[in-house]
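Visitor: Protein sequences appear in the order of chains A and B.
Using my numbering, you'd call the opening residue of the first sequence number 242 and step up by one each time.
Using my numbering, you'd call the opening residue of the second sequence number 3 and step up by one each time.
In case anyone wonders, no lab produced these hints; they're calculated from the structure.
This structure is a prediction, so every number in the text was calculated from the model and none was measured.
Do not rely on the hints blindly, as some may be mistaken.
As the list claims (entries may be wrong) - Ranges between beta-carbon positions, derived for each pair:
| hint | chain 1 | residue 1 | chain 2 | residue 2 | range |
| --- | --- | --- | --- | --- | --- |
| 1 | A | F860 | B | D6 | 35 to 41 Å |
| 2 | B | S68 | A | I883 | 39 to 45 Å |
| 3 | B | K28 | A | F860 | 27 to 33 Å |
| 4 | B | K28 | A | L878 | 22 to 28 Å |
| 5 | B | R29 | A | L880 | 36 to 42 Å |
| 6 | B | A81 | A | L878 | 34 to 40 Å |
| 7 | B | A81 | A | T876 | 53 to 59 Å |
| 8 | A | V834 | B | K28 | 56 to 62 Å |
Positions of the beta carbon are idealized from the N, C-alpha and C atoms, including for glycine.
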Amino acid sequence: MTYPHIIFFIILVLPLLGGLINFLAGARSGPWIATAALLLSSILSVFLLKLTVDLPSVLRFTWLPGIEIGWRLDRISVSLIALVSFISMLIHLFSIHYMKDDPGIKRYFAKLGFFTFSMLGVLGADHLLLLFVFWELVGFSSYLLIGFWYKNEGVPYAARIAFITNRIADAGFLIGIILIMVNSGTGFISELQSIDQTGWWVGAAGIGLVLGAFGKSAQVPFFTWLPRAMAGPTPVSALIHAATMVAAGVYLLIRTSVIMPPALVSTVAIAGALTAFIGAFSALAQTDIKKVLAYSTVSQLGYMVMGVGVGATDMALFHLWTHAFFKAGLFLSAGAIIHYFHKHFHSIDGQDMRNMGNLKSVMPVTQFSYLVCMLSLAGLPFFSGFLSKDGILLKSLEWSALAGPWAFIVPVLGFFTVGLTAYYMGKQALVVFYGKNRMETELVKDKEDFLTVRLPLIILAIGSLGLFYSFNPFVHHFQILDFWFGHQIPLSFSMGWLAPAISIPLAVGGLFVAFRSYRPERSFTYRDYVARGHYRKWSMHALYLDQFYHESMVKAFNMISEIIYGLDRRFIDPVLNWLGMSFVVFSKLMDLVDKLIVDKLVEFVAYISKLGGDFLRLFHGRRVQLHIFWAVLGTILILLWINNFM
Amino acid sequence: MSIDPVYGLGLSAFLFSMGLLVIIIKRNAIFVLIGIELILNAANLNFVVFSSADPANTGQLFGVFSVVLAAAEAAIALAILLNIFKFYKSTDLHQLNRLKY
Numbered sequence: 242m243t244y245p246h247i248i249f250f251i252i253l254v255l256p257l258l259g260g261l262i263n264f265l266a267g268a269r270s271g272p273w274i275a276t277a278a279l280l281l282s283s284i285l286s287v288f289l290l291k292l293t294v295d296l297p298s299v300l301r302f303t304w305l306p307g308i309e310i311g312w313r314l315d316r317i318s319v320s321l322i323a324l325v326s327f328i329s330m331l332i333h334l335f336s337i338h339y340m341k342d343d344p345g346i347k348r349y350f351a352k353l354g355f356f357t358f359s360m361l362g363v364l365g366a367d368h369l370l371l372l373f374v375f376w377e378l379v380g381f382s383s384y385l386l387i388g389f390w391y392k393n394e395g396v397p398y399a400a401r402i403a404f405i406t407n408r409i410a411d412a413g414f415l416i417g418i419i420l421i422m423v424n425s426g427t428g429f430i431s432e433l434q435s436i437d438q439t440g441w442w443v444g445a446a447g448i449g450l451v452l453g454a455f456g457k458s459a460q461v462p463f464f465t466w467l468p469r470a471m472a473g474p475t476p477v478s479a480l481i482h483a484a485t486m487v488a489a490g491v492y493l494l495i496r497t498s499v500i501m502p503p504a505l506v507s508t509v510a511i512a513g514a515l516t517a518f519i520g521a522f523s524a525l526a527q528t529d530i531k532k533v534l535a536y537s538t539v540s541q542l543g544y545m546v547m548g549v550g551v552g553a554t555d556m557a558l559f560h561l562w563t564h565a566f567f568k569a570g571l572f573l574s575a576g577a578i579i580h581y582f583h584k585h586f587h588s589i590d591g592q593d594m595r596n597m598g599n600l601k602s603v604m605p606v607t608q609f610s611y612l613v614c615m616l617s618l619a620g621l622p623f624f625s626g627f628l629s630k631d632g633i634l635l636k637s638l639e640w641s642a643l644a645g646p647w648a649f650i651v652p653v654l655g656f657f658t659v660g661l662t663a664y665y666m667g668k669q670a671l672v673v674f675y676g677k678n679r680m681e682t683e684l685v686k687d688k689e690d691f692l693t694v695r696l697p698l699i700i701l702a703i704g705s706l707g708l709f710y711s712f713n714p715f716v717h718h719f720q721i722l723d724f725w726f727g728h729q730i731p732l733s734f735s736m737g738w739l740a741p742a743i744s745i746p747l748a749v750g751g752l753f754v755a756f757r758s759y760r761p762e763r764s765f766t767y768r769d770y771v772a773r774g775h776y777r778k779w780s781m782h783a784l785y786l787d788q789f790y791h792e793s794m795v796k797a798f799n800m801i802s803e804i805i806y807g808l809d810r811r812f813i814d815p816v817l818n819w820l821g822m823s824f825v826v827f828s829k830l831m832d833l834v835d836k837l838i839v840d841k842l843v844e845f846v847a848y849i850s851k852l853g854g855d856f857l858r859l860f861h862g863r864r865v866q867l868h869i870f871w872a873v874l875g876t877i878l879i880l881l882w883i884n885n886f887m
Numbered sequence: 003m004s005i006d007p008v009y010g011l012g013l014s015a016f017l018f019s020m021g022l023l024v025i026i027i028k029r030n031a032i033f034v035l036i037g038i039e040l041i042l043n044a045a046n047l048n049f050v051v052f053s054s055a056d057p058a059n060t061g062q063l064f065g066v067f068s069v070v071l072a073a074a075e076a077a078i079a080l081a082i083l084l085n086i087f088k089f090y091k092s093t094d095l096h097q098l099n100r101l102k103y
């Protein structure tokens, strides 16, 4: 137990304690206590970052006899611990305002603290089993938070879908862990590099780990749960389903990609690129403000996974970091809008973009931070998203040049997604903030609270600026980045100029197309946004993947259940019935034996006793003279006996 | 002048047996009382017979005492019986098997 570990455990436990104390404290002060705990946690984690950035710190202890588990604090995990606790603190702050009028506010903050605790545990764990425990806690707390408004229709269903999809993927993860532990004898992530990597099990374990990561990070084919998870409160979507939890899969891939065979890593790259593309494509025709952001999250997670697949793990980590800032900012902006609608236009669906327009006139701060985060997501220079995304794209170009012509599908999809991203984000910004008010009622001017609404938004917007990470807007590393990630970022990209040269025109082009079709002067009707035509329908329903799962897997599962039910009825039930019948017959037999033999024996003993009693009773009749007679007779007999035998 | 005590004792045993027989077989309480008197007299006779060998004649003295006692006892027993009869209208021992009514 060294100095950094004590700090880490304080950081780990503080959110949980804050949540608990909040639960016991009053509804007004509780959320502030939880937020203060997170603030302390994030300050400590920056301190921890300074301590461990050059000096990884390992703690191992015996969990069960023969099984050692442990924690490891190094550059990667501590930088993410700092990220998670900081973003979580901002979201706690925002939630105070957002959940102000909700009767379940205490429960909400307790769950949020529980989630933060679990997520920090995932990041600090060095042993696969320990990581799995926290991994499951993260999944469970995500389930709790998605289902927070469990009384609303469809919300419990969405929570269940998310949970069960993750469970299916986690089964693969668990199998992978077991394979690794049984075959290599170690479960420590930091020792994976040095284990003997021959044998069939390495590939199988790698596939298992990839499945687990894909489930948590919403990759093809598991991503359908993430848009459904938007049923939870918006700050939850910002924290869990955009910034932190979904990044856990990427983190796992970064940590375990060392043992994966090259073919599997290439598959991961292709799956990531495919996810990036499908997510962006599905975001095109969405009308729900949160659904657009959800699919864009899927798409950005695809970039990160692609980054791991092409070997740019540091860039994937960087993108995870920048994405956490700008996507949390976008979600919180959406949350501010939804809250505004909920407060002033209660009867109108505050998540449907078709009802919005000209919101810049009533919420300028939200508009500002939304614009910064959105440009960062679209990948324009001077914003953070550009740095990290182009780092990944650059590496993917280099990788595909080495891997062969088939591998060019990865950068092609990646670059195509850049254009799509710029298009749908530009469209959303134009529809929501500009143009004319599309409601029948007038917009109401309402100044948001500074500390709990505008401050988190402004901080997240500043975190999305490129200057925050690199002084040179076109080079993907510099002083501040060095501080975060050390000196290990590979910079010898041979095609360094190519990626920005392709991606900047694509991003600007996407924004331009969006502006041309949704420019503020153009007036639209509600009907313009209804999904018409094939491409819009396919986009609206995310390639109908969810429906496909429902039609294929759920139906197949139901069919299998029917068949098994039939088999039960036909074969197993008769056997059980026969067994039951034979038991009844046997019992009847036993009953007869009891009645005829055991009972009769007992009755016979009783009969004998009764006979004896009856006989003895003869001497003790009611007549006093009889007593005297027997007494005299007895005396005579005793006298005779004495006379004859003594 | 002396009589062999065997005769006296034999008469006493006979009287005792008769008394016992009357007690056992008779149903009428008065007969039972008579039987008791017979047994008492058999005992008295024993006293007398054995006192013939005793110069102090203590046995005969006891005999006189117990005759007096027997008279008193008979009077009390008959009084009780009279009350029983007044109450139950019967002196049949088979019916008088309860002390509490």
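Visitor: Does the structure break any of the earlier hints, and which numbers would those be?
Guide: Violated hints (numbers, rising): 2, 3, 5 and 7; every other hint is consistent with the structure.
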